[in-house]
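Q: The chain contents come next:
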Amino acid sequence: MQETQYASGQSGPPNLSVLHKAILGARRRIVTRRVLRLCSRVLCAISIPCALSVAASKLRWIEQPSPIVLGGVMIVSVIAALIYALTRPLTDIDVARITDQRTDLKERLSSALEFSGQGVAADAPFYHEQFADAEHYAGVINLKMAFPVKITWETPVGVVCALAVFLTYFLPTLPMFWTPQHKLEVAEVKKRGIEIEKLAKDSEKAADQQKLDETRKAAAEARKLGEEMKKGKIDKKQSLVALSKLTKKMEETQKRMAEPVAKKSLAEAHKDFQKALDKMNQEKKEEEQKKAEEMKKLASKGQQPPRDMQKPGDEKNPQQKQSEAMREAKQSLQKMADALANQDHQQMKEAMQKLAEQVQKGEMSKSEMKQLQQAMQQLSQSLKDTNQQQAAEMMQQASEMMQGSSMDSKTLQQVAQMMNQAGKQMGKGQPSSMMLDSKALGDLAQMLKDGRLTQPMGKGGNGNGGNGPGRGFNGHGGPSTAMKDPGATNPILVAKGIPNANGGKGKQGSAAEFAKYLATTSAGPKKLPNGKVAGVRSENGNELQMSMTGDPQAARSNSPYYQVVQSSKKQAESTLDKENIPASLKKQVKDYFDSIR
Amino acid sequence: MSDIERESVSFIADFNRVKAEISKVIVGNEQIIDGVLICLLAGGHALLEGVPGLGKTLLVRTLSQSVSLTFSRVQFTPDLMPADITGTNILSETATGQKEFKFQAGPVFANIVLADEINRATPKTQSAMLEAMQEHAVTVAGIQHRLKQPFLVLATQNPIEMEGTYPLPEAQLDRFLYKLLVKSPTFEDLATIIDRTTGVPQQEIEAVIDGETILKMRALAREVPMAPSVREFAIRVVLATQPDSPFAPNSVKQFVRFGSSPRGAQAIVTTAKIKALLSGRFNVALEDIASVAVPALRHRLILNFEGQAEAIEPDTLIEDIIKKSQAETAPKVGV
Numbered sequence: 002m003q004e005t006q007y008a009s010g011q012s013g014p015p016n017l018s019v020l021h022k023a024i025l026g027a028r029r030r031i032v033t034r035r036v037l038r039l040c041s042r043v044l045c046a047i048s049i050p051c052a053l054s055v056a057a058s059k060l061r062w063i064e065q066p067s068p069i070v071l072g073g074v075m076i077v078s079v080i081a082a083l084i085y086a087l088t089r090p091l092t093d094i095d096v097a098r099i100t101d102q103r104t105d106l107k108e109r110l111s112s113a114l115e116f117s118g119q120g121v122a123a124d125a126p127f128y129h130e131q132f133a134d135a136e137h138y139a140g141v142i143n144l145k146m147a148f149p150v151k152i153t154w155e156t157p158v159g160v161v162c163a164l165a166v167f168l169t170y171f172l173p174t175l176p177m178f179w180t181p182q183h184k185l186e187v188a189e190v191k192k193r194g195i196e197i198e199k200l201a202k203d204s205e206k207a208a209d210q211q212k213l214d215e216t217r218k219a220a221a222e223a224r225k226l227g228e229e230m231k232k233g234k235i236d237k238k239q240s241l242v243a244l245s246k247l248t249k250k251m252e253e254t255q256k257r258m259a260e261p262v263a264k265k266s267l268a269e270a271h272k273d274f275q276k277a278l279d280k281m282n283q284e285k286k287e288e289e290q291k292k293a294e295e296m297k298k299l300a301s302k303g304q305q306p307p308r309d310m311q312k313p314g315d316e317k318n319p320q321q322k323q324s325e326a327m328r329e330a331k332q333s334l335q336k337m338a339d340a341l342a343n344q345d346h347q348q349m350k351e352a353m354q355k356l357a358e359q360v361q362k363g364e365m366s367k368s369e370m371k372q373l374q375q376a377m378q379q380l381s382q383s384l385k386d387t388n389q390q391q392a393a394e395m396m397q398q399a400s401e402m403m404q405g406s407s408m409d410s411k412t413l414q415q416v417a418q419m420m421n422q423a424g425k426q427m428g429k430g431q432p433s434s435m436m437l438d439s440k441a442l443g444d445l446a447q448m449l450k451d452g453r454l455t456q457p458m459g460k461g462g463n464g465n466g467g468n469g470p471g472r473g474f475n476g477h478g479g480p481s482t483a484m485k486d487p488g489a490t491n492p493i494l495v496a497k498g499i500p501n502a503n504g505g506k507g508k509q510g511s512a513a514e515f516a517k518y519l520a521t522t523s524a525g526p527k528k529l530p531n532g533k534v535a536g537v538r539s540e541n542g543n544e545l546q547m548s549m550t551g552d553p554q555a556a557r558s559n560s561p562y563y564q565v566v567q568s569s570k571k572q573a574e575s576t577l578d579k580e581n582i583p584a585s586l587k588k589q590v591k592d593y594f595d596s597i598r
Numbered sequence: 501m502s503d504i505e506r507e508s509v510s511f512i513a514d515f516n517r518v519k520a521e522i523s524k525v526i527v528g529n530e531q532i533i534d535g536v537l538i539c540l541l542a543g544g545h546a547l548l549e550g551v552p553g554l555g556k557t558l559l560v561r562t563l564s565q566s567v568s569l570t571f572s573r574v575q576f577t578p579d580l581m582p583a584d585i586t587g588t589n590i591l592s593e594t595a596t597g598q599k600e601f602k603f604q605a606g607p608v609f610a611n612i613v614l615a616d617e618i619n620r621a622t623p624k625t626q627s628a629m630l631e632a633m634q635e636h637a638v639t640v641a642g643i644q645h646r647l648k649q650p651f652l653v654l655a656t657q658n659p660i661e662m663e664g665t666y667p668l669p670e671a672q673l674d675r676f677l678y679k680l681l682v683k684s685p686t687f688e689d690l691a692t693i694i695d696r697t698t699g700v701p702q703q704e705i706e707a708v709i710d711g712e713t714i715l716k717m718r719a720l721a722r723e724v725p726m727a728p729s730v731r732e733f734a735i736r737v738v739l740a741t742q743p744d745s746p747f748a749p750n751s752v753k754q755f756v757r758f759g760s761s762p763r764g765a766q767a768i769v770t771t772a773k774i775k776a777l778l779s780g781r782f783n784v785a786l787e788d789i790a791s792v793a794v795p796a797l798r799h800r801l802i803l804n805f806e807g808q809a810e811a812i813e814p815d816t817l818i819e820d821i822i823k824k825s826q827a828e829t830a831p832k833v834g835v
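Line order of the protein sequences matches chains E and Z. Per the numbering used here, the very first residue in the first sequence carries number 2; after that it's consecutive. Per the numbering used here, the very first residue in the second sequence carries number 501; after that it's consecutive.
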């Protein structure tokens, strides 16, 4: 029986400070144990499958999972477990009961808390003694013994598995584990990054001066990419992919800029118009020949030609008058066709103004006006969807006016006015800044794509640009070469059936071997195995078709990497189609080529 | 030290003194002695079941000697009449020569009554006894006579020789606080029994406490507080004896026809309080409930045909119930 710590006769709520302190301590230890236990279990439960999936991918049973996904799943799971362990409800009564159980206190602590919660007075018979008893035992219990913070087996297992997954991905990224080839690759990427950054900066500056928005934006993106490459934040494969994406984007932007300017070129318009003019002339000639033959027939029979056939001859010197009016008009139309061919907007304007003058004079007959109306309509149709869309619409209106109403002087004046406006519109041409921007963007994209990093951005006319190699941006810088594949060393292609006298010691391998190599290589073709692929006969059997694998660098070629990739890809794809590649590897090969495209 | 603490200390000491006196005569069977004493202190009655010759009658007699209480023994036989237990009015002549009916008290008017082989009497007689047990009074010729306090009935019954017996009905079994199973002595206990009974005469039993002390102890035990969670556990245990209860384990659902009445819960709580006091605590623990549940509930579980056919022991079912209840009420804190 324990000595009571209370003064007899104490009323009011009991003072259970020692008990509450013990409960607080027990609560902390319970939460700590819970966090450790739950997090360990979750880590163990998640990291084991992750490690197994990595192992399976190494055995090429499945595709290699993304390290970000694996790491993310593990981290999120552990954090979720941690949050759950910390926030799971834990009442004082529960803590007291579990403490009672673990210290064999026979519900002394929990009973005291429950009585206290019921509002029992501290001096009530039996309760008073019970509180004192609970306080006494709360003061002497050993919480470390009751709630030892132990590391369960799940902790080391989970940590080891997580570490294994982490190291599988992380170790190969450490420079000390890099192969010499990979080191070369990184150096090459950095060098290329510096070049891209320089080019992008120059382009950005020039674009800023000339107010070429799209070019400036693209140059800024290229500069960012160059910086990343320079800092080594991205590897070769990533840089190639990013560069490819950037150039693609630039090309698309350029295309988009070009679209509203001309869906159809003026050259095409010229073709259409010229064709229409020729057709009209041909029809006219045929009609005249037909009339002449009929007249001849009637004259030989001694008959008078009908009135409608005689009509042109009734007027005084009508042929000469008609010819002058039409000659002028035809000359103007031909001038217009030439202007379209030359894309000379000024000439187009002049031709249209001359046509307007002819119309305004009112010297043309009805049939001539009809011909002119048809020509105008043809011109309008030809110019439709070009950058002269607005002028085409005006011509269409003028043509409709010529067709619909009687040709009084007022109408002729209106038609001429409309044609003049169309001429003015044609004289305006395309905004030069947009053209410049589009061209500059295209040049930049091409330079990035081709690896001509010190090529000037063609401006034309200012003396600083030009397209010749060996000149830098706006005339600065020296010549450079495209980024080579540093993984390629001395590839030698060995043809089947031909003794390799001068071929060196290249590896011979099948497409399956090649595919296997690709599947097991994480970052790009560091060193593609050189070798041949078994050839196939053509249908008639006279021709042996043979595909080669290997690097074009074998011939010390200076071809840019991007050009070589396309041909290599085609070779590999055709090889894959012909060879028996495991289904699981086919996709990997395809993905590889998609990624470096 | 507070009064309660002093009384508690005294409670334990008195209990142990009585137990020590009984142990002078009764060898082994410590749980039976504890059970009988707990019934005495809780104000309930005990049914002792065991084969003849295990010292049931001796235990009761020794108990009565050690507590300085009056003792009577009734051997139940088929021809025993209720009046033979309760007493009857007899016609007697006064000093003046007048004749009058005078109540002649039966053997039930004692502090401790041993109802030996209670299942051999007819139900009519049994019910007369059981009425006295419940009401602590007997009514003869319309006049109620209060029984002495403390009043304890210790009934015995023989599980074998069932020929010509009248098994106690469930309602009457329910009146017993405890059912105690008297087991055969162990090797060592039997050796001691032989030594004590065949050698020198037995030691004299002293009365170490009186009836008044017992009543005080009884009152003290009732004051022991019980936490709500512990009470909830007791309730769960009692409800789990009923096959249609959600708390019942599968074994109960399969083998039990009727479970415990609320008297079972009363018996558990009352006796658990005494257990707590005897353990030196001022609160009832789950362990107390678990330890008293078997003797308090085993006679309140009525097995169904399947249970009887499978010879299921009620004790096994109660242990199942306790395990399930402990698991369900255990705090789940995730450690």
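It should be emphasised that the hints constitute simulated quantities derived from the structure, not laboratory data. Cβ coordinates follow ideal geometry from the N, Cα and C atoms, glycine included. One should not assume that every hint holds.
[Claimed, not checked] Under 8 Å between C-beta atoms, here's a sample of chain Z residues computed to sit facing chain E: (1) 686; (2) 690; (3) 693; (4) 723; (5) 725; (6) 729; (7) 739; (8) 778; (9) 781; (10) 782; (11) 786.
Q: Taking the hints in turn, state whether each one holds.
A: Status of the hints after comparison with the structure:
1. At about 28 Å, the closest approach between the beta carbon of residue 686(Z) and any beta carbon in chain E exceeds 8 Å, and the interface hint on this residue is violated.
2. At a threshold of 8 Å, the smallest CB-CB gap from residue 690(Z) to chain E is about 35 Å, leaving the interface hint violated.
3. A distance limit of 8 Å between C-beta atoms decides the matter here; for residue 693(Z) the minimum to chain E is near 35 Å, and the interface restraint is violated.
4. Interface hint at residue 723(Z): satisfied, since its Cβ lies 5 Å from the closest Cβ of chain E, which is below the 8 Å cut-off.
5. Interface hint at residue 725(Z): satisfied, since its Cβ lies 5 Å from the closest Cβ of chain E, which is below the 8 Å cut-off.
6. Below 8 Å, beta-carbon pairs count as interface contacts, and residue 729(Z) has one with chain E at about 6 Å; its hint therefore holds.
7. Checking residue 739(Z) against chain E: minimum C-beta separation of about 20 Å lies over 8 Å; hint violated.
8. A distance limit of 8 Å between C-beta atoms decides the matter here; for residue 778(Z) the minimum to chain E is near 12 Å, and the interface restraint is violated.
9. This hint holds: residue 781(Z) has a C-beta 6 Å from the nearest C-beta of chain E, less than the 8 Å allowed.
10. Satisfaction of the interface hint for residue 782(Z) is found here, the shortest Cβ-Cβ separation to chain E being roughly 4 Å, below the 8 Å cut-off.
11. For residue 786(Z), the interface hint holds, the least distance from its beta-carbon to any beta-carbon of chain E being 6 Å, beneath 8 Å.
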